[in-house]
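Chemist: Residue numbers (my numbering), protein chains in the order written: chain A, 1274 to 1384; chain B, 7 to 121.
Hints were generated in silico from the structure; no laboratory data involved.
Be careful, since some hints might not be right.
What the hints assert, rightly or not - What the simulated footprint calls covered on chain B by chain A, stretch by stretch (three residues with Cβ under 8 angstroms from a Cβ of chain A suffice, anywhere in the stretch; the number is not a length):
(1) 45-53
(2) 56-63
(3) 95-104
(4) 110-118
What the hints assert, rightly or not - Partial list, computed: chain A residues near chain B (C-beta under 10 angstroms):
(5) Tyr1307
(6) Gln1315
(7) Gln1318
(8) Tyr1319
(9) His1322
(10) Arg1341
(11) Glu1370
(12) Phe1374
(13) Gly1375
(14) Thr1376
(15) Gly1377
Unchecked claim - Derived DSS-like pairs: lysine-lysine, alpha-carbon spacing no greater than 25 angstroms straight-line:
(16) B:Lys30 / B:Lys84
(17) A:Lys1342 / A:Lys1276
(18) A:Lys1342 / A:Lys1325
(19) B:Lys74 / A:Lys1342
(20) A:Lys1325 / A:Lys1276
(21) B:Lys84 / B:Lys74
(22) A:Lys1371 / B:Lys74
(23) A:Lys1276 / B:Lys84
(24) A:Lys1276 / A:Lys1371
We put the CB at the ideal spot given by N, CA and C, even for glycine.
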Amino acid sequence: DAKTTQPTSMDCAEGRAANLPCNHSTISGNEYVYWYRQIHSQGPQYIIHGLKNNETNEMASLIITEDRKSSTLILPHATLRDTAVYYCIVRESFGNEKLTFGTGTRLTIIP
Amino acid sequence: DAGVIQSPRHEVTEMGQEVTLRCKPISGHNSLFWYRQTMMRGLELLIYFNNNVPIDDSGMPEDRFSAKMPNASFSTLKIQPSEPRDSAVYFCASSLRQGSTDTQYFGPGTRLTVL
Chain A
1274 DAKTTQPTSM DCAEGRAANL PCNHSTISGN EYVYWYRQIH SQGPQYIIHG LKNNETNEMA
1334 SLIITEDRKS STLILPHATL RDTAVYYCIV RESFGNEKLT FGTGTRLTII P
Chain B
7 DAGVIQSPRH EVTEMGQEVT LRCKPISGHN SLFWYRQTMM RGLELLIYFN NNVPIDDSGM
67 PEDRFSAKMP NASFSTLKIQ PSEPRDSAVY FCASSLRQGS TDTQYFGPGT RLTVL
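Use the sequences and the hints to build the structure in full.
Modeler: Take a look at the structure:
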């Protein structure tokens, strides 16, 4: 799997948009970008994934740069319940079902 | 759906004892994963199954660890004998492979403490 680089920690005010960056400069053409988060003492939770185009679902938006070397996860209106560790993972689309978790970004939502 | 079910949620045992962790995947899913999470090593994949067949066990730390999936609705991870360094949270996840991607859904985890 291609390696990803994320900031160790970030703070965001409650109600504001939280923008979490991820660098994946060695990503190859058939690799997807996945985002998971882990709230304290719980199992990781799937958020969103994408290949080339920007994606949006009920939880978040994923913006992938045109060269695909970086992406940003956007939580549009952060709440205290969004405090968690957020993992950006690059994963092959075929054959390899593994998720390789890095250290992630610890996001703290400030009241 | 109840999601991925793991039991027990907490296990405290003494060194040398056998430990069995259990997982029931989401109904209809065809892949099952066992992960381990520690402060030192983070979240790491131990083994995964596809259609009940072990596909990749390269993450299993040593022969003391074994995993089975006798049917599509049940899997076990066994540690025999257990050691203090096995203390960790063990997560089970399942997914349904559709086309080129799939989403893994994680259980609540089993917190294992080996004294």
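Chemist: Decide if the proposed pair is consistent with the structure: Lys1342 of chain A and Lys1325 of chain A, CA atoms, cutoff 25 angstroms inclusive.
Modeler: It holds: about 10 angstroms lies between the C-alpha atoms, which stays within 25 angstroms.
Chemist: Decide if the proposed pair is consistent with the structure: Lys1325 of chain A and Lys1276 of chain A, CA atoms, cutoff 25 angstroms inclusive.
Modeler: holds (17 angstroms)
Chemist: Three or more residues of the region 45-53 of chain B near chain A by CB distance under 8 angstroms?
Modeler: Contact hint for the region 45-53 of chain B vs chain A: holds, 4 residues under 8 angstroms.
Chemist: So, as I understand it, the hint says Tyr1319 of chain A touches chain B; can you test that by seeing if any CB pair is closer than 10 angstroms?
Modeler: OK, holds: Tyr1319 of chain A within 10 angstroms of chain B, min 5 angstroms.
Chemist: Taking only the CA atoms, is the gap from Lys1371 of chain A to Lys74 of chain B under or equal to 25 angstroms?
Modeler: holds (18 angstroms)
Chemist: Can the hint on Phe1374 of chain A be confirmed by a CB-to-CB distance to chain B that is less than 10 angstroms?
Modeler: holds (4 angstroms)
Chemist: Can the restraint linking Lys74 of chain B and Lys1342 of chain A be considered satisfied, given a maximum Cα separation of 25 angstroms?
Modeler: Violated - the C-alpha atoms of Lys1342 of chain A and Lys74 of chain B are around 39 angstroms apart, more than 25 angstroms.
Chemist: Are Thr1376 of chain A and chain B close enough, Cβ to Cβ, to be under 10 angstroms, as the hint says?
Modeler: holds (6 angstroms)
Chemist: Count the residues of the region 56-63 of chain B with a beta-carbon closer than 8 angstroms to any beta-carbon of chain A: does the count reach three?
Modeler: This one holds; 3 residues, not fewer than the three required, reach chain A with a Cβ under 8 angstroms.
Chemist: Holds or violated: Gly1377 of chain A as interface residue toward chain B, Cβ cutoff 10 angstroms?
Modeler: This interface hint holds because 8 angstroms falls under the 10 angstroms limit.
Chemist: CA of Lys1276 of chain A to CA of Lys1371 of chain A, is that 25 angstroms or under?
Modeler: holds (13 angstroms)
Chemist: Hint check: Lys30 of chain B vs Lys84 of chain B, CA-CA at most 25 angstroms. Holds or violated?
Modeler: OK: Lys30 of chain B and Lys84 of chain B at ~15 angstroms, within 25 angstroms.
When held up to the earlier numbered hints, the structure conflicts with 10, 19 and 23 and fits the remainder.
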